[in-house]
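Enquirer: The residues making up each chain are set out below.
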Amino acid sequence: MQKRGFKFLNKKSQLITRNMIIHLGMIGILFLISFVLFSYVKSIEKDTEFQKIFLSRDLALMMNTLYSAPGNVEYTYSFDKLDLSKFKFEFKSLEDKQVAGVIDESIAKTYPYAKPSQSKEENLVYNANSIKFSKNAAKLTVTKNE
Amino acid sequence: MNKKAAFDMIVNIFRLLFVIVVFYSILFLARAFIAQKVDIFDVESKLLAHRLMFSNEVSYTDKDIGRNYIGVIDLKKFNSDEIEESLLNSIYYGKINSEASAKLTLKDLDDNIEYETFYNRELYDEKKVLVEAKLIGKGSAQSLDTNFYVLIKDDDKLKRGALKIEAILPNS
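Read top to bottom, the protein sequences are chains A and B.
Our numbering numbers the first residue of the first sequence as 1 and each following residue consecutively.
Our numbering numbers the first residue of the second sequence as 1 and each following residue consecutively.
It is worth saying that the hints were derived from the structure and are not from the lab.
These numbers were taken from a predicted model, which means no experiment stands behind them.
Just so you know, even glycine gets a beta-carbon here, dropped at the ideal spot from N, CA and C.
Any given hint might turn out to be false.
What the hints assert, rightly or not - Computed cross-link-like contacts, PhoX-like style, restricted to lysine-lysine with a CA-CA straight-line distance of at most 20 Å:
1) A:92 x B:95
2) A:132 x A:88
3) B:157 x B:107
4) A:42 x B:128
5) A:88 x A:144
6) A:52 x B:103
7) A:97 x B:107
8) B:76 x B:128
9) B:63 x B:77
10) B:37 x A:46
11) A:135 x A:86
12) A:81 x A:46
13) B:128 x B:103
14) A:42 x A:52
15) A:86 x A:139
Stated by the list, open to error - Some chain A residues judged to face chain B by a derived CB distance under 8 Å, without partners named:
16) 40
17) 114
18) 136
Stated by the list, open to error - These stretches of chain B come out as covered by chain A in the derived footprint (C-beta under 8 Å, 3 or more residues):
19) 26-34
20) 72-80
21) 102-110
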């Protein structure tokens, strides 16, 4: 009966070769895992999805906070570590609700906010380094800060 | 297959399983450090509570000078039939408000009487069941109680009171 494995190797050599193949396979898997993880983290680094969600939530919360204030308010919204000019912002009164957030080509990330029912405003701010909020009585105006 | 080969195969299966476990652990750890959600429930519910508390609809207003006294609850306003409507109009999310709801409980500490009213009662009743059932995830809701010591203006008398606002917001 013919023996399996490499003909030119003895039993001990066969065992060494098999172990080498297993170890080389494991090293290959290790490289594969590293590659998958690095690609995953790299893709997240470039992704602005989280920034859009954060900004949308923050702006809706900002609108709620400003409308909660009993007096007149002027506030400039800006960040040192985040370039706001990369995003398009929307503050919009729809028929059934009003929303604030970030819009882009693919999908709009907007969240609703509450205002007094009598006030109605529609503003679109985009490519601004900072946004200016001015609240006078029940009227809130959002403009690009020049 | 001899005994040694069978043993080696079993060992290799365990090795493979171990590598898979390590792979998923690393993936899980990598994902755990990447924030993908923004949870602002506490801030939102506190903000709603303060907004209700500061609103003209429950606070006493001096009609002669138009001043609104924050922290002084007008009992007439609080017990009026229109309060729920006026609160919905002052904190207006839209025709259908599926964003926020609250229960306001005013306790007269001098006479030990409790009064209650609601902001968006329809949503409150709907979501309260889910909060009590302690369900989590989308579709469910969370609640947060905020307490204020207030004065109650009952005609000409000023009484000591406590206002408890239970805000219920749907999970998003």
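Enquirer: Against which earlier hints does the structure fall short, listed by number upward?
Expert: 4, 6, 7, 8, 11, 15, 18, 20, 21
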